[in-house]
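Undergrad: Quick mapping for you: the protein sequence lines, in order, are chains A and B. Note that the first sequence covers residues -2 to 713 in the numbering used here. Note that the second sequence covers residues -2 to 713 in the numbering used here.
A few of these clues could be false.
Identical chains blur together in the list; that is why a pair holds if it fits in one copy or across any two.
In silico lysine-lysine, BS3-like type, Cα no more than 25 Å apart, as pairs [as the list claims (entries may be wrong)]:
id : residue 1 : residue 2
1  : Lys194    : Lys486
2  : Lys521    : Lys654
3  : Lys484    : Lys709
4  : Lys290    : Lys494
5  : Lys3      : Lys430
6  : Lys3      : Lys486
7  : Lys484    : Lys430
8  : Lys290    : Lys430
9  : Lys262    : Lys597
10 : Lys37     : Lys495
11 : Lys276    : Lys264
12 : Lys521    : Lys264
13 : Lys292    : Lys321
14 : Lys244    : Lys292
15 : Lys597    : Lys494
16 : Lys262    : Lys521
17 : Lys321    : Lys709
18 : Lys262    : Lys189
19 : Lys16     : Lys709
20 : Lys300    : Lys484
21 : Lys276    : Lys24
Everything labelled a hint here was simulated from the structure, so no lab data went into it.
One letter stands for each residue in the lines below.
There are 2 protein chains.
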Amino acid sequence: MDLFTKGGFTLPGEAGYEKLTLEMAEKWGADVIRDSDGTKLSPEITAAGYRIYSTLCIIREHNEFARQHPDAQQQCFLSSDPVTATAGTLEIRPLEGYFEEQFQLNDSPEAMPFWQVWDRTENRLLPSDAWRYKNGVVTVTGRVPYHRYTVSFLVWRIWEEINMYNHTTNHWTTAHLRQLDPRHPLAWEYLKNWLEKWCEANPQTNVVRLTSLFYNFVWIFGSDLRRRTRFVDWASYDFTVSPAALKAFEQEAGYALTAEDFINKGKLQATHRPPTAPKRDYMDFIQRFVAEKAKTLVEIIHKWGKEAYVFYDDSWVGMEPYGKFFSSIGFDGLIKCVFSGFECRLCAGADVPVHELRFHPYLFPVGLGGLPTFSEGGHPERDAVAYWLHVRRALARQCVDRIGLGGYLHLTVGQDAFNNAIRDMAVAFRVLKALHAKGEPAELPITVAVLHAWGSLRSWTLSGHFHETDRNPLIHVNEALSGLPVKVKFIDFEDVKKGALRDADVLINAGRAGDAWSGGDAWKSPEIVSEVTRFVWEGGSLIGVGEPSAAEGGDTRFALAHVLGVDQDDGSYACHAPWEFTTEMSDPFFVAGESLGETKGIRLTDPETRVLTARGDTPILTLHAFGRGKGVYMGNFFYTPAGARMLLEMLLYVTGKDGTAAGITEDGMAECAWYPESRMLLVMNNTPDPLETEVRFPLGALTVSLNPFEMKFVPV
Amino acid sequence: MDLFTKGGFTLPGEAGYEKLTLEMAEKWGADVIRDSDGTKLSPEITAAGYRIYSTLCIIREHNEFARQHPDAQQQCFLSSDPVTATAGTLEIRPLEGYFEEQFQLNDSPEAMPFWQVWDRTENRLLPSDAWRYKNGVVTVTGRVPYHRYTVSFLVWRIWEEINMYNHTTNHWTTAHLRQLDPRHPLAWEYLKNWLEKWCEANPQTNVVRLTSLFYNFVWIFGSDLRRRTRFVDWASYDFTVSPAALKAFEQEAGYALTAEDFINKGKLQATHRPPTAPKRDYMDFIQRFVAEKAKTLVEIIHKWGKEAYVFYDDSWVGMEPYGKFFSSIGFDGLIKCVFSGFECRLCAGADVPVHELRFHPYLFPVGLGGLPTFSEGGHPERDAVAYWLHVRRALARQCVDRIGLGGYLHLTVGQDAFNNAIRDMAVAFRVLKALHAKGEPAELPITVAVLHAWGSLRSWTLSGHFHETDRNPLIHVNEALSGLPVKVKFIDFEDVKKGALRDADVLINAGRAGDAWSGGDAWKSPEIVSEVTRFVWEGGSLIGVGEPSAAEGGDTRFALAHVLGVDQDDGSYACHAPWEFTTEMSDPFFVAGESLGETKGIRLTDPETRVLTARGDTPILTLHAFGRGKGVYMGNFFYTPAGARMLLEMLLYVTGKDGTAAGITEDGMAECAWYPESRMLLVMNNTPDPLETEVRFPLGALTVSLNPFEMKFVPV
């Protein structure tokens, strides 16, 4: 294993802990040392022969410029809470209920034409002469008694959101950082110059690691601590808005957007909901803008002989690694922090030279979920192993180039278990990387197409980390798929029309009625419904989870009920009795009960639908023959190792394929990968107990003994 | 109590058990003896000095006529199950999956123009040249590959449904009875003559008890025993359809109905769904027809010196005791079988001289729910008491004129506990009737308006008995209200527009999104929403249960979310965080936890909404101040005696009234009624244990001790 003790590892250096930094670099085999937020590396470290990453967040830490040019700050639309018109004058204070340290009314002459007042009882826009604005108050003169009114308005965002979060959550006491909008010409000139000067002043830096780019994901705070976070969406574009952006959009697109295109009756346009056509256009417009500006920054960095890596979090909006413009930026590397397998695949699949993972937990006293890690009550080694179990199975399928940690290195002092675990993971990663370099692992001849409203733009991810989206069945499906030996592609409804099912074997649709993942109104399209119908009839298979293909207005709640053999009673079945069924005692595949869940109102549409598992009267796992293909329905799906295996067994069953081709373990709690060029079998134990399992693979079968959670490389 | 041993009681006589009949008549104090289905009374009974009821079901038992005039049989529309167009010819056998002993295709020249073929994938009606019909098969020539097609068609109903049920469930072996359509001129002449002759031949009969009228509630059987009952709706009009009816409707209404007005994408028009305008028109048309024909029958009965009572079950459709035409028929009495309090109120409130209840259990071996009653394993006394607990509290509020039993009297032999219980109930009923006769019980100055799509037409009832509709929160609310000392009215959305809230104190809306009880699209009306908003703002109160005021397209899921202080997340809140809340430990009223239930996705819209009870993160009982009024929300409501008391306490709390005015028990598991003219306090123990409670009433307070389930009359 000597070959695997160094390289591909980024260590967070820490000033004042120079000896520790070099010691840990040795222990973990680091080849790169980076600074973290608020940490500047000392010469002792920068001169020690390691490559150096320096972290820059381009749009913040320019408070002086922001003070001088307050109109260069970023903005967004907000909606007031609705106010009922009762007796007397109807006055609305738009910002009431919002966090006053985050937002400031933009009542400038440029902004006011974008303000709107809505009668939400009638869903009617008021003419501009039916209200007036003065000193922070909107008076609605044209009100109808007992109707409800809202004001849509623009605000300046006067506190960069990640900084605001750290202040309000981690009790930081430093200055409130402001953020600049690169669309503002003066700000843009200033930022370019600033970057030039920074590059000049930091010759030791090899890689400028941009803490994303310009626009933060949307994070709206409230004034009331009972709802401090009013809205948070990791993939929403609402924080890119400004009068200038709206005017530029109109010029490019040929039509104007209004406040309501963003406000959407106060619900905003969350990523979990199907996008409107204007929203798609606007996102495209912003992506182009972000890519152009980012390209300029990358060119400056390159000019100074440095590489430009980008961190895919925080102010990432518009960057879209799976978008049309990402590769045009010219980044040298993409860094993604990961808790989960799907995040590894997200990073590994992006079109960029270097893919790097930042492992969790960070070297912080408290983790992202708010629980202690490197502090009293924390279990950093346990956490690291838990995440690693997710990550390693994805890396076994598709590898990255580098891994690393973040945070304060001094927190590792005395954490031997953690430090050793990270060392072991680093070694395992290097072995995996070498295996992949020699030849990819064997894959089953199965292509899975995951269908939702966003398609490839949201390959693998929904909106943020697993724990932020775990109410959505799709993230569990993606997590399971991230470690399975099958080809996975993400498609949208236009792709279906364009024939994307022609080279798919299995289609997955997993979501809740009306959301972006199920697809919402797209299922009202006869073209789409009949194309999926054809696909399954002719031998493909459909796996539906939750409320797949749910749409209003059809004769069934699920547009594909006839394929799935189940439908959902949304009340309209009323007096129609359901089919009685018996639950099968023996199943065609390994059923992971704890990975299955219930969806209300599910009933059979065909008495020949086989119910493999039910909760009470509600089927939760069914199988339906349709033409030459099959429909599989799951009421819900929660990722567990056993659930991932169940999904694999389903894929094998519906396609009639044999798992041996890619290697398969007899014990469902183990997983494996077969690297034919290296003649290496990788076997992983997903349980905390010792496990012995037979493994079938193209060259035969082996019995392998594994320690708890062990990842064993078996040369054949 | 001697005064109360006889009268107001109808006994089912039984031929062959003449001695028993007279004994039981004496024991239960019967003044009327009736025959039951299949039982003819012997002269020993008919000559014993009792009034005699004779049961007639006018439209069945005319098989010979039906054989001679098959086109005089009843009909309905059905839809085939959808068939997917794959390769080759698309052939649909319309009746496939339906019970062939119930239905026969009507492919007559009169019927065929009403047949339709639908592309259900596009929801498109096919032109008539895109399909052809021959020998029971529809061939769809104009099909689109992978679209789904249905045929809407007319059938003859060749087996009267109640008879069919008894054959298939109770294994009757007698002839299958057919049923005639009184709209057929020959059939109508025949039926009138038949009734004339019957009256002439049965001089001993005092009361002709019509087993309802002409059209059965809708009951559609399937061929597959896994779904023998495909559809059952106690209040649907689909079995009144025929080409003749459709043509007559067109002539009267000025527009034509098509199959789709009934088929509704295969879902039919169930009572639990909001009615379409054409459905309302059609129901009105049928009600007028039924009333006219029924009036003719009643006139014949009267001509022969008999009275005409009608039984409100079986072929009741179109009769509508709360409809516009009921009183014009001229019935002398209305008989309703009852399991529940709401059914007593339904009967008691109808505009007819005599109101009579048929108590459950019937003297049958097996009860309506399929469990044994008067057979091995049955507990007829326990059942009778269980129903009585529901019935007596309704009778305490509004009395009827008569009670009685049905079935085979010989089954009472050896059932002393049951026989004594019925005797005691009969006595208690007579006391109640005398109290009501002297003066009505004190009522609180609270008017409750129950709002749903049907309004007063469906006063108290939804569609059938409690156990057939108990998934609907409203039936539980109605059951609770049936015994509370408040005025109750049932209103629809047009009534709201016409000012029905002006004399209401509390509005109740209880249902599921999109159903008739919540109201569905009616809540899209700004006029209705703002009128309810005004009502509460000015001091009224709203109690919402389940998914009250739920509608698509607004900025909130509940149109009255601003009044209730809660809304439902149907997915559109997506990234919007809910308000945190704490559950109050002390409540303003008695909370009956077992009567409360959860509705998915409920969240606060206002941090000042008080959460009285929650399940996990989901509030299930909340209170919201709105203007001078209040909004109360319950996730679900299940009738229990404690739940009824909770509802009473809510009504008192939101109206600020004192329960003493109508009498109120200190112990929530007891209930009372105060009859001021009789100076009589009635106190009921709703528990199986002895109970002592103080009772406050306008003249002071008393402490009353009660035996298990006791109903005690306390003279003051």
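Undergrad: Would you mind marking each hint as holding or not holding in the structure?
TA: A quick look at each hint next to the structure:
1. Lys194 / Lys486: neither (43 Å within a copy, 79 Å between copies)
2. Lys521 / Lys654: neither (33 Å within a copy, 52 Å between copies)
3. Lys484 / Lys709: within (24 Å within a copy, 76 Å between copies)
4. Lys290 / Lys494: Close neither inside one copy (34 Å) nor across copies (58 Å); limit 25 Å.
5. Lys3 / Lys430: Within one copy, since 12 Å is at most 25 Å while 96 Å is not.
6. Lys3 / Lys486: Close neither inside one copy (34 Å) nor across copies (81 Å); limit 25 Å.
7. Lys484 / Lys430: Result: close within a single copy only, 19 Å intra versus 78 Å inter.
8. Lys290 / Lys430: For lysine 290 and lysine 430, the Cα distance exceeds 25 Å both inside one copy (33 Å) and across copies (88 Å).
9. Lys262 / Lys597: between (28 Å within a copy, 22 Å between copies)
10. Lys37 / Lys495: Close neither inside one copy (52 Å) nor across copies (74 Å); limit 25 Å.
11. Lys276 / Lys264: within (14 Å within a copy, 36 Å between copies)
12. Lys521 / Lys264: both (23 Å within a copy, 18 Å between copies)
13. Lys292 / Lys321: This pair counts as within: shortest intra-copy Cα distance 14 Å, inter-copy 76 Å.
14. Lys244 / Lys292: within (23 Å within a copy, 74 Å between copies)
15. Lys597 / Lys494: Answer is neither: 31 Å inside a copy and 35 Å across each miss the 25 Å cutoff.
16. Lys262 / Lys521: both (23 Å within a copy, 15 Å between copies)
17. Lys321 / Lys709: For lysine 321 and lysine 709, neither the intra-copy (39 Å) nor the inter-copy (81 Å) Cα distance is at most 25 Å.
18. Lys262 / Lys189: For lysine 262 and lysine 189, the Cα distance exceeds 25 Å both inside one copy (38 Å) and across copies (62 Å).
19. Lys16 / Lys709: neither (34 Å within a copy, 90 Å between copies)
20. Lys300 / Lys484: Classified as neither: same-chain Cα gap 39 Å, cross-chain 84 Å, threshold 25 Å.
21. Lys276 / Lys24: neither (49 Å within a copy, 79 Å between copies)
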